[in-house]
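For the record, in the sequence shown the residue sitting at position 54 is 62 according to our numbering, with numbers rising by one throughout.
Among the clues, some could well be false.
Here are the simulated SDA-like pairs of lysine to any residue, each with C-alpha atoms no more than 25 Å apart in a straight line [as the list claims (entries may be wrong)]:
1) K125 - N112
2) K125 - H87
3) K125 - E136
4) K125 - E141
5) K223 - T300
6) K223 - H163
What follows is a set of in silico ranges between Cβ atoms, one per label pair, in the way DEER data are often shown [what the hints assert, rightly or not]:
7) E135 - N159: 18 to 28 Å
8) L88 - R181: 52 to 62 Å
9) H163 - T300: 19 to 29 Å
10) D150 - D63: 17 to 27 Å
11) P122 - Q61: 55 to 65 Å
12) V81 - S260: 51 to 61 Å
13) H87 - R181: 53 to 63 Å
14) V229 - R194: 43 to 53 Å
Worth flagging that the hints you see were computed from the coordinates, not collected in a lab. Every residue gets a Cβ at the ideal spot worked out from N, C-alpha and C, and that includes glycine.
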Amino acid sequence: MHFDLTDLRLIVAIADAGSLSRAAAAFPIALSAASNRLRLLEQRLGMRLFERQADGMAATPAGRIALDHARRVLAEAQHLAQALEGLAGRRRVSVRLAANTVANSTFLPPALGPFLKDFPEVDLHVEERPSQEVLHAVQAGDADIGVLDGNIPMHGVVSLPFRQDRLVLFVPRDHVLAGRGHCLFRDALGFPFVGMQEERAMQRFVEEMATLLGKPLTVRVRAPSFFAIAQLVAENVGVAVLPEAAAQRHSSTLPAAIVTLDDGWATRELRLCVRSLEGLSSQGRQLVAYLTGA
């Protein structure tokens with residue numbers, strides 16, 4: 009059965025206005041044309057959608073079902089129009105992404121590049137937050153998509169797998185721990201550390217773990233990036249905790265070694281979360297698909 013979007017807009021307008029004449033005036037369309045459209049639609053359907061009453065028009069049970077579907081079809085048509093306008097360069101689309109330090113610094117950049125290339129109409133706003141704050145931002149609607157530590161209980165959001173993350177110890181090649189291959193985090197707490205700025209989410213997490221072990225981290229210097237940290241470690245300034253992906257990248261070019269941390273918290277699953285997939289823009293849903301490999 010064929011449905012015209014104009015017919016769907018008309019029955020929604022009649023339901024909202026409670027009157028055929030008021031709906032016709034707001035459309036705008038001649039009252040006779042509106043009446044004829046409604047009559048022909050009801051004839052094609054073989055049922056009445058509205059009861060004519062002295063004070064206006066009220067939807068029949070069949071009309072209420074039709075209205076529910078009509079509103080959803082019109083909403084999807086609007087989303088389609090907006091998405092196509094964006095692709096044509098006539099409309100910018102903003103997507104807000106909140107992620108923890110590890111995701112932001114290692115896994116997201118190579119994943120976001122292909123997406124931004126394919127969707128030039130998207131303005132992506134990326135913010136770094138601790139995992140718990142990422143979750144709160146998504147729950148509150150302050151972020152469209154979040155990437156965070158999968159060990160955090162997630163309520164009120166849809167959670168999807170993203171990447172596996174491991175934190176490791178990065179030490180100078182001739183360091184006493186270098187030959188061990190693996191150790192517990194507490195074994196390294198007697199050495200000076202090279203860290204990130206205190207406000208960085210991963211640094212806060214690492215320092216919290218040290219405090220729980222009863223020995224706060226001794227940070228000799230704070231550096232702005234994983235690359236800067238790796239260079240300072242290679243110069244024997246101290247040891248550092250890095251994501252395994254970053255450590256592997258820098259260990260191949262610097263005189264430094266990777267020491268696996270045996271602590272349970274050092275291995276984490278990164279997950280992606282949204283309030284609802286249906287509530288995202290078309291581009292937001294595409295970004296989720298790019299990030300999860302769906």
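So, going through the hints one by one against the coordinates:
no.: 1; hint: K125 - N112; verdict: 18 Å, holds
no.: 2; hint: K125 - H87; verdict: 21 Å, holds
no.: 3; hint: K125 - E136; verdict: 22 Å, holds
no.: 4; hint: K125 - E141; verdict: 29 Å, violated
no.: 5; hint: K223 - T300; verdict: 38 Å, violated
no.: 6; hint: K223 - H163; verdict: 33 Å, violated
no.: 7; hint: E135 - N159: 18 to 28 Å; verdict: 21 Å, holds
no.: 8; hint: L88 - R181: 52 to 62 Å; verdict: 57 Å, holds
no.: 9; hint: H163 - T300: 19 to 29 Å; verdict: 20 Å, holds
no.: 10; hint: D150 - D63: 17 to 27 Å; verdict: 45 Å, violated
no.: 11; hint: P122 - Q61: 55 to 65 Å; verdict: 57 Å, holds
no.: 12; hint: V81 - S260: 51 to 61 Å; verdict: 55 Å, holds
no.: 13; hint: H87 - R181: 53 to 63 Å; verdict: 55 Å, holds
no.: 14; hint: V229 - R194: 43 to 53 Å; verdict: 22 Å, violated
Of the numbered hints stated above, those contradicted by the structure are hints 4, 5, 6, 10 and 14, listed in ascending order.
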